[in-house]
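Chemist: Given chain A, work out where chain B with the ligands should sit, using these hints.
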Amino acid sequence: MMQAEGTLSRLAIWTITALGLIVIYAPPLYLLGVSFNPALQPGLPHLADLTVKWYLALSGETQLVAALEQSLLIALVTAILATLLALFAALAHMELHQRRTAWFLTVLLPMFVPGVIQGLALSAVFQRAGIKASMLTVIGGHLLWALPFAFIVILTSLSVVKRSYLMAAADLGAGRLRQFLDITLPLIRPGLVSAFIFAFLLSLNEFTRAFYLAGRQNTLPVVLFGKMNAGASPTIYAMSGAIFLVSVLCVALVAGPALLRRRAGPAE
Amino acid sequence: MAISIQIETVTRAFGPVRAVDDVSLEIRAGEFFTLLGSSGCGKSTLLKLIGGFDAPTGGRIAFDGRDMAGIPANRRPVNTVFQSLGLFPHMTVAENVGYGLRLKGLRGAALSARIDSALEMVELGGFGPRDVNLLSGGQRQRVALARALVMEPGILLLDEPLTGLDERLRQQMRDEFGRLHKRTGATFILVTHNQDEALSLSDRMAVMHRGRLEQIDAPARFFEAPANAFVARFVGIDTLLTHQGVIREGDATHALIAGEKVPVRIGGPAEPAESVVALRPDRLLLHPHSEIELKNALALRLKVVETRYRGLHHDVTLAFADGQRVVVSLEADQPVPAPGDLVSVGLKPGGAMLISNAGLPAAA
Ligand SMILES: Nc1ncnc2c1ncn2[C@@H]1O[C@H](COP(=O)(O)OP(=O)(O)OP(=O)(O)O)[C@@H](O)[C@H]1O
Ligand SMILES: [Mg+2]
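Chains A and B, in that order, give the protein sequences. Taking numbering that gives the first Met the number 0, the leading residue of the first sequence gets 0, the next gets one more, and so forth. Taking numbering that gives the first Met the number 0, the leading residue of the second sequence gets 0, the next gets one more, and so forth.
This is chain A alone, in the form it adopts within the complex (with noise of 0.2 Å):
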């Protein structure tokens, strides 16, 4: 009876967790098969009419390159800046002691703060300061978007740098510098690559923020929010295939290595 009982609650707790994956992943899949379709009206295509003949056309749309090369070059920017600007953030929480609470909540702040509300006000206030709307303006935007995320990524990486190992570093004749160089840096490495990657698609994909700070040239959220409007061609579908599978493949970058990392052995 206990037997036929754990079957069951497993069963319940896979089909629940089955849906849920489904309902998470089938909309960004729909809009991949989607991109596949030959036809202009959106829908799944039949196996035999498969095409990437709209990945093709999209070499001549230069308007959407533009915007992709525009969000490339904020994304970049924006992760080396916010990951740079995290760990600086997390290596002064380590250091405090009471206010350590204080600094988290702080600089974790921004992520709460909705997109609208802060994409309107940033550019009310760059707008009084006569600081003209640019591709910085944006990178501001996104780095108050980003930082949050990258923080708390260092921060967990840092939990693997035990107070003694730093201690045994200065026993041994390191000074601060050595001991951040020699123990902090190689042990927070992969936590760096990671807070590195989810800045840069945070920024890729970030619209609110964006649609308010962005100069001449748009982002790409934003140009196909554009199209989207104005009756959408099915190349945006292919951008889209195509910016979800670099997503998927940077992803499978950051988590792969850990994987076959725990499958190869029982480390620390």
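Source of the hints: derived by calculation from the structure; they are not laboratory data. Hints are supplied without guarantee of correctness; some may be wrong.
Partial pick of chain A residues on the chain B-facing surface, computed with a CB cut under 10 Å [stated by the list, open to error]:
no. : residue
1   : Val159
2   : Leu165
3   : Ala169
4   : Ala173
5   : Arg175
6   : Leu186
Computed from the model, here is a short list of chain A residues facing chain B with C-beta under 8 Å [said to hold, decoys possible]:
no. : residue
7   : Pro41
8   : Lys161
9   : Ser163
10  : Tyr164
11  : Ala167
12  : Asp170
13  : Leu171
14  : Gly172
15  : Arg177
16  : Leu180
17  : Ile182
18  : Pro185
Ideal placement from N, C-alpha and C gives every residue a C-beta, glycine not left out.
Modeler: Here is chain B with the ligands on its own, set in the frame of chain A:
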């Protein structure tokens, strides 16, 4: 190369808590010194102050007379084997051991020769390329030891390095410490709460209690003349008896316990009113035949309360007329007295000591 340490009225307060309280101590160059004390008494805190990982809130620490205030851990001639070891998980055994020397600028063949000889010293020859995360507990301890020893420090601090090892490994490592102390000639400070380690290794040791050093002496002195009741208990002299008075007759001193005159040796400058009699279990002899004539003046007449078989011997619990108890062991092949019997107990010289009652719970 060995360095002497002067600790002068050092205090380390964490808010209202004084983890180290007005400690003064001089450790000689090349000495093997042990800090003994129960959990939370401030041993690690004192060690961190010496190593430079923490600064005293009062007092002064000097090495060979040179004040160490303001000199950080990485510039002190001290190396430490931490309680938590702190082996670098992203480095191999050899990289761990060689880390300190690399910082000093050593490279290539000279570096690997030093690493190899340090590993040989702790009997881990050939372990250099291994992953430190995959070593056994005892091997990890020895890597930590090699990592500190390879620096050829003037002072080596060992914070409970044997805790968590099994008994066999403990003994093996303990002997290794003694061997390495002789070989390196450095000043060793060992922190432990295990007295076996302390007794067998130390030139001198200190018993610490609530941030203070209760006694600083050679190991044997803790048994011959414990400074007070706390120290006596700590080293295993469990029988502490209250007395009704102290009688001095010429050279001899007797304490009056429930009508019995017990010859005692004065352990220290203790006020009679604030003293107790400590009985050393190894200096009590039980004569199971009550008919033996008490021609010996050093004998007590006590009543048997209970006996317990302990394998190699019997524990016989005896009581004075006022109910205070003493446990005496009796060889297993001896006849066992019955509860209620009156027996005489011989007291060898130095078996009873009059010591300060400091450190006894108030109820006792
Ligand atoms: N950083 C700190 N902040 C506040 N209190 C501390 C700190 N470090 C130690 N203490 C306190 O100081 C006292 C002594 O601690 P310490 O670590 O020196 O004990 P210990 O003798 O090494 O004990 P153990 O045998 O358990 O290692 C304890 O009461 C502890 O709570
Ligand atoms: Mg400790």
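Chemist: Taking the earlier hints as the rules, which of them does this structure contradict?
Modeler: 7, 16
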